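Engineer: Line by line, the protein sequences give chains A and B. Per this note's numbering, the first sequence runs over residues 76 to 378. Per this note's numbering, the second sequence runs over residues 610 to 1261.
The hints are simulated quantities; they were obtained by calculation from the structure and are not laboratory data. All figures in this text were calculated on a predicted structure; none of them were measured in a lab. Idealized CB from N, CA, C, for every residue including glycine. Don't take every hint at face value.
Looking from chain B toward chain A, a few residues come up when the C-beta cut is under 10 Å (computed) [to be verified]:
{"#": "1", "residue": "N641"}
{"#": "2", "residue": "I909"}
{"#": "3", "residue": "G911"}
{"#": "4", "residue": "G1038"}
Output of the computed footprint for chain B on chain A, the stretches with three or more beta carbons under 8 Å from beta carbons of chain B [as the list claims (entries may be wrong)]:
{"#": "5", "region": "102-115"}
{"#": "6", "region": "364-372"}
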Amino acid sequence: MCGIAGIMYKGNEDIFDTGEALIRMLDGCQHRGPDSTGFALYGEANPGELKLRFFLGTASDSETVIGTIRQRLLALKAVILDESEIGDNYRVTVRYVGDVQKLAYEMEHTAKVISIGTSLEIVKDVGSAHEVDDRYAVHNYRGTHGLGHVRLATESDVKPEASHPFWATGFADVAIVHNGQITNYWKMRRRLEQRGFEFTTDNDSELIAVYLADKLAQGSDLNTALEASIDDLDGTFSFLVSTEDQIGYAKDRLAAKPMILYQDDDLVAVASEEVSLNRLFPGRSLNTREPAPGTYATWSRLT
Amino acid sequence: MVTLDLASLTVREVNEQLREFGAEGEDVYISNPDARHHIGVGLTDAITVHVDGSAGYFCAGLSDQAHFKVAHNVGWGVGDNMYSGSVVVGGNSGAIPGVAIRGAEIVIHGNMGSRAGQVMKAGTLCCVGNANFMAGYMMYGGRIIILGDSGERVGEDMSAGEIFVGGQIQDLGSDAMIGDTESSEEEEIRAFLDRYEISFKGSFTKVVNAGKKLRYGSSEEQMRSLPFTVFSGQSDYWNTKVQEDIHIKSNSGRYRIRGYGGARPLPHLSDLAFRRDLSSAGKVVDVVNRVTMETQIGGINGANPLKLSMPVMIAPMSYGALSRSTKQAVAMASAMSGIAENTGEGGMSDAQRDAAGQLIFQCLGGRLGWNIHDMRRADGLEIYISQGAKPGLGGQLMAKKVTKELAEIRGIPQGIDLRSPSRHPDILGADDLVIKVEEVREATGYKLPVSVKLGAGRVRDDIKIAVKDGFDFIELDGMQGSTGAGGAEIMEYVGIPTLAAIVEAVNALDDIGRRKDIELVLMGGLRDGIDAVKALCLGADAAAFGTSAIIAGGCIACMQCHVGQCVTGIATQDPDHEARYNPQVEAKNIHRFLERVRWQIAAITDALGYDDVRQLGRDDLVALTREAAAITGLPYQPEARKPSRFLRVAVA
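Bound-form chain B, shown alone (with noise of 0.2 Å):
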């Protein structure tokens, strides 16, 4: 056994040494923790760390294997996201002891805090004295042992799992019931408080999940499905889009969900045009390669950067929203387009992994598919707080598509509606969110870059908070972005649009002058390399698309992408329904598509007078319409040109 001082070294320093023992096979003794964060963070080999202390936040947060025990108390989240090993700790814990563990052992002796085993999917949390507050809450499986009280509304919202309470139960959570213990839960259970030494003589009452909020209590009528120039509608009263609104909700009694974006016309990149004449443009043979288009993303504090063959990635998307075939394309055809693929949601498949070139993988408040062996072998990480088209609201995915497979990955039970949280148990002001950033910068060594994906919310403050806390880039998702499943309303309704977060975004930055401490990714539908372009004349470092790249992928745009029978094999886990979808030959597509997206911001910038997509600017742009004018400060010119007919053959 080794002694490491932490009055002398870092939290980072110790940790670095604790991975250099840990593959050596030895012990470690921490001395002097002065309850420092993020100790043991990242640990991935069995060894015992023993703290002589109290311990900070994320105390062995996003290890495996390892063991420790700590001497005295723990701050928030000790464990976080532990995959197996365990955590004995002396004293007290703070709030979210065991959040999204996926099967580690978490003793605390004395009391823990608020939320203990948020969003847990399996393993054991056990408290020898008092919970507080919302024990179990959002947990998806696994087991929680509180041998003293269990505190108010324990078990709230949980939706699969025990927790065994030997004291008094105060109050019980949302949708929690109390249930049976059977015997041999109850000899488990002394099993393995005689492994952790814990005396125990009374009896135990089992909380679980009441099964009462797991499913939406009505399905939505199927409807024939209206093409979305239909579905858009052309007037705002009584057509047929607005019709069939009102017959789902008749018939199901509760607010409507569907799959894409909004359907409402917003002001967009569209309304915007070239200041100067582009019918030169697309007459240059060759000149994808007259334009510098290589652009990095996340390397600005010192972490290898996403290396892009043009200012181009792909959008996040959830491989449980979309097949797996579908990601296996997607990630296939950034690869051969030379840029960055996405996780988005639900974890990382090997063919994804394999098959993507650069791979951002995404962490968000459900932790469905996060965890350490995945961030190490990810190009970046991407901390998800809200998207554009249902800001402030977490994904759902209906039951048909929460497969066995699926459910696994995700470490959820199967055949739930899922509404994913819409934060993050750890997250809860940008206070926190320092923290995180950090635990996450300490589990990968500083290497990758680290990015916040915003929905256009509250830009301006929002964007400041990035900022500060330290991202390397930001995915800014405006209004206009799809998804998998949300409510009707708040796609329509809630949000701001792409073009006002751009410009809100880049303002902020220059309020607090921080616009080169930054890289700013636009998202939220972007169809095309004009839009691309606009993006960058208005600042932001790259575009990403998502929809575009599935349409070119051979999705219809039917907007049932909910229902889970996608017809084209994209938005399904039906296996006879994506045995239709030839990754390969769709890989192929979305390809050709994304080098005519390099083709067109090439052919603009080019005719614009420029050789480096670096150097177009706002004064490149102006408005066509008087909203998008007022929205961006740029000069109202309706009478500009549209782009060239070059560029639109092109597309076609």
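Isolated chain A, as found in the complex (with noise of 0.2 Å):
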């Protein structure tokens, strides 16, 4: 019920521009899903810092909700660098060495967490790309890479915490996008929850996340992740995965899904639809390609 996008620049940072792309991009696709719009962003990440993103609502205790949030860092011996409340959001970078997982674990438990990354931060709001742009200048992201999503609701509300990427819950960095729709949510999502994993939602594409993330924690690469879950998951899905410095796909065998595919020396770009990579060309009939039913590929960040 939605249409995906993701952007990797290759080298040359001059022409990096991963918000407006991703905008651009989205707005081409509205039309699959008008409701909600989201981003994952990567930025600078700084040794043994992370940014945690919290949804605050529209509530009138928000100022509760973030003291709370402090409080809760602080027993955990994250010390606050910096902070900001942006849109709906509460921005916080910490300076934190421990466990990533159980710091995120303890934070889900006080709050509504968006995202905990060294470098990613996703941005989600109800409305399209420009209105979501609008509140949270999404545009002024110059990162090497994101991803993308346009939703088109079909549960009770339009929640800004329903709509896409999924962060990876647990795991830093990890962010996804998802067209489709996963069958053997429930048996995967048991199996995970066995092993003490935690979801935050009902959310098929959450799954997705942390079924990558694990099998990277567990050493796996992100080809060898990405192959398994083209056997693991059923259904119809096309999906972007984006870690700290890759992003990679993977489309079902059925191939029920759409995806397209640019890429040139300069950069690497996936969407649901053609249209949405010519906002970034236009006026230029772009060299594409559809990939195969069955297929994955990732890209790596030159570094």
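Join the two chains, each given in its own frame, into one complex according to the hints.
Structural biologist: Right under this line is the structure:
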């Protein structure tokens, strides 16, 4: 019920324009999902520092929520370096050296976490790409790579926390955008829950994120994790995954969900529809290709 | 040649101008296409359109006669449902190129995406590069030429037609086999390639249907028909119906197919009663003129609405399941009563179009009879997702009914057991559906209301999707709806009762605060004006009648619709049987029934103290059973009176 987009710049820093590029690509496929829009953005990482984002919602007691978050961070020995309120979010940078998963689960029990990462920040809210940009200044992000998503909600509410991208709860810097439906969701989720992982939503996309992050944590590289996902996940899917320094895609064997890919010397861009890719290059004919059913691929940042 | 620039014009503006230039015979050059969707949709003039770049979804869709030259790539569904003309694509194509074409020529110079030529009926789809997964999926006819490799499962579930592969055959699909290429066929291919200036020196392997799945392997034993009341059974256990089911399965070795609706008792509108004393209902003379019943459906987003003389329409029933004469009689009756008729699956006939005052044209996954010209002479369009009697499954039409004439209209081979696709080639989610609805609107100039027909299943989610996808109205079909042929167990045990469906639908719209953004037409076992009023009270904007209209027109409810030898001439394509049906006489019978429905609606509305059907509401109802109370949330009042004796007399 949605459109997806991803971009990674390869080298020349002058042309990095991740936020603006994703806004344009999502605007191009907003017809696929008018309810909410989200971005996974990767900025500068500083050793020993984590960026955390929380939903405050429109509640009047946001000061209380922030107070609780501060206390909990303090208790976990995370030192607040910087904090701000942006749109409906509370954004905080901390110095933290402990186990990220422990921090993540503790914070999940305290407030609505959107993302935790050394470089990852997820921005998602109801409304169109431009509306979300107006609230969160997404266009200012100039990182190397990122993902985007537009959503058509079918649940009872159009809630920001149900929108994409999904953070792999408990794993820093892993995010996912997904178009499709995972039909063995509960089976896979119970398997992961038995091993101690926690889920914050009933959304099948969160499952993909946690599934992949778990594989990575066990030592798989992203390619191996994606290859396994095509066997393990049942249903229709075209999804994009991003980590601190990679993006990748996987596509189900029935090719039920669209995906199109463009690559040149400067960048690789993937989207649900070519019309999104063309937003990056108005007036040009692009040499695109449609990934074959049951395939995956990854791209790494050149560092 | 004129140039239209998509950098400054919208696709809608470009398509409007294309039609104007088409009428003048002027060729058009489109610059800055930037992979936008719906370029050239609905063009029906013999001009050439040059697209200087890439086009998006449904380029040249629902067109006829026009020629398209796309310099670069195309998205999903290039040439969708094209009747004649051509599309030449310089680059690659996304999924389902040539979907449902009925005679056009489509050439892809690059590679093509999965399910190429799905449900195509005639014409040629040629790919110079490689095909992807399931090329020729469910094709009913025509020719696919793949100069490169076939991709996996080529010819999956094809019924007819030929696929010629110049490269490697990676994998044959279910019910496909390698056939011998005739020299004449090869000559025709060479001539085709020459015409499009494609050089190819290699030879071809031909893939055709293997004929193992076109018919059911065994036929059902003809049983003496059981009256519906016996068929329904008083006991759930070894009643006559259960025994008959077992006999039929032990003979055929497969699931049972039969016509009509489910026979199992389910909570229904008859489990509700009116809160107020209706003993006065029916006593007022001229009550029909005291109550405002005119209802407009489908105008909510600016399209020309259907104008109904009462909140009633005819439910979709196909020409195929029903005889031509029956469709004609229903159409005539609908016109006499000032309501809308519906084509159902299987196309629109001239007789039906001429007879019906207002006609909804139905679009199904197989695109059997769907075409731009009949779309334009319809008064409303309907995208069928599923039906209440067998939600999630496609229609079935047994070979006996797939006559030469019927096969021609649908574009399929004669004499197969037709199992219509259960899903659309181009609607695999709510996101695709948005783009499909837009194509249909583009093709008809945004004038016609577009509805979605939903078999009640996952009602809450589906209704929300329907409203977000921008439909003008929803036709919601509950489990008590009937069908010309379906799996017996499906009809009995799969689905959501009509009563639950309408309640869930209204709740879903309230959930998202969109009650006023879409209209609801309820169907599925509605029998009379009393049911219609209850539907309106529960939140429907109109009610639709299928089976009851057929019964009014002579059906004896023998439940043998699938067999094709209907004794009344209704559910048959056999001319001898059809000759028994007099459409003029039956049209009047159906009309008289519809007028009784009108009278019942008026009488009840009046007795409830209203002068307009729009004043009816939930508060007018109570539940007579605990189940109905639980489903609807209405107060449980088993002691509530039955409707007035006058109302019942009037029906009889």
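Engineer: Run the structure past the numbered hints and jot down the numbers of the failing ones, going up.
Structural biologist: 2, 3
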